[in-house]
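Student: For this one, chain A is given, so just place chain B on it according to the hints.
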Amino acid sequence: MNFHFTNKKISGILTILPGNEVTFEDEMGNYNFSEAKSLKLKAAMGFNKKRIVKPGITISDLCLYGLNYLLDHNLLQKEDIDALILVTQSPDYIMPPTSNIIQGALGLKSDMLCMDINQGCAGYIVGLMQGFMLLDQPEIKKVVLMNADVLSPKVSKRDRNSNPLIGDAASITILERSNIATSITCALKMNGQGAFALQIPAGGAKLPNSPETAEMIEDANGNYRSKDHLVMKGDEVFNFVQTEVPPLIHEVFKLANITKEEIDYFMFHQPNRFMLQKLADKIGVSRDKMPSNIVENFGNSSSVTIPLAITFNIGNEIENKHYKLCLSGFGVGLTWSAMVLDIGPLEFCKQIDY
Amino acid sequence: MENFLNQMAELLEVDSVNPQDEIISFDAWDSLTSLSIIAMADDEYSVNISAQEILNAKTIIGLYQFIQSKK
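Order-wise, the sequence lines are chains A and B. Going by the numbering used here, the residue at position 235 of the first sequence is 235; the numbering climbs one at a time, nothing skipped. Going by the numbering used here, the residue at position 54 of the second sequence is 1054; the numbering climbs one at a time, nothing skipped.
These are calculated hints, taken from the structure and not from any lab test. Quantities reported herein were computed from a predicted structural model and do not represent experimental measurements. It is possible that some hints are incorrect.
Unchecked claim - DSSO-like mimics (lysine-lysine), calculated; alpha carbons at most 30 angstroms apart, straight line:
| hint | chain 1 | residue 1 | chain 2 | residue 2 |
| --- | --- | --- | --- | --- |
| 1 | A | Lys-282 | B | Lys-1070 |
| 2 | B | Lys-1071 | A | Lys-282 |
| 3 | A | Lys-49 | B | Lys-1070 |
| 4 | A | Lys-141 | A | Lys-37 |
| 5 | B | Lys-1058 | A | Lys-282 |
| 6 | B | Lys-1070 | A | Lys-278 |
Isolated chain A, as found in the complex (with noise of 0.2 angstroms):
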């Protein structure tokens, strides 16, 4: 399905890591592999460094840090917000919506909407499409958009599948109606009969968690994990991506009416670098347009990557500059997104320790 967004535009990114940094090597021991094999899927996938948060920390910790660092430094008014997007599977509490707890604890004004969506890898497109369509309506001037996730205590240390390269983050991002032309080209497909790729089985409401779903039970690959943790099939999730993304990518182009040659970055979703260097070269662009070095500086923070990997590659720049970018993301659900734009100026293009 295809999206089309006109004189609407991003004006400013932050985003916010967790100041407490993990290498690989800290958790090597965890793992049921032998050194140099774990070793090797390192060198691999690009694992290194990944930032996680001290126990009890939560999304709106992250995301509220980011907005108070926003309004102290008058990147933000309180009483401009229209409207809070929040975009996160870690909510803090099943009820009620994060995104409404963020605007209690800094007093905005109750004229406006607050709204939690459930979407991961590609949630970042997914948000920028609703803040976009919010941006139709009379009344809403502007919109934050946080993307947000803590799911590092919702990965087993034992998981060399998955806990290497899990990441914490939040970003902010702010969108408004722009005084000149602009135009967005967006193309999203989803697919729920892969939904279970990508899951945590229990908490919720068809498996609450219990004692049982609780035990540690080794998988075929050597990993353990419960029924409580993030579980990814990823040979079924690298073969979705490998087969799904290059022809969206392409189908994007065509409705945006240009070349690849015409993007200046790539700004995708980071799995891990592995899968983005075959997806690069699958798509038939440089590998050095399309940054994979997320997951080897901070992991991967499901929808928070695209932010990141624009604030930690072009962050400099791009307060002072335009770029044309494409922007993809995929994943949970399953769901795969595309998005063009023109962007920057930005007002600010910043990241932030908590």
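Tutor: The following block gives chain B in isolation, referenced to the frame of chain A:
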């Protein structure tokens, strides 16, 4: 087939492999090798295979024949 044997030898980190060799019998075998084989099947043969299908194929020749059957 020759080309496939060379690719498998490289992924399994040995000088050469025999068609009858069991895939999981190699020292280098683990879930990363499995993913590397899946990526190779996609790159070289444009075929999607799963981790379970590699295990089901058992031997190098079994996997070769399976990939050919899916082309």
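Student: Compare the structure with each hint and give your call.
Tutor: Quick rundown of the hints versus the structure:
1. A:Lys-282 - B:Lys-1070: Satisfied, since the Cα-Cα distance of roughly 20 angstroms is no more than 30 angstroms.
2. B:Lys-1071 - A:Lys-282: holds, 18 angstroms
3. A:Lys-49 - B:Lys-1070: violated, 39 angstroms
4. A:Lys-141 - A:Lys-37: violated, 53 angstroms
5. B:Lys-1058 - A:Lys-282: Measuring from Cα to Cα gives roughly 29 angstroms; hence the hint holds.
6. B:Lys-1070 - A:Lys-278: holds, 21 angstroms
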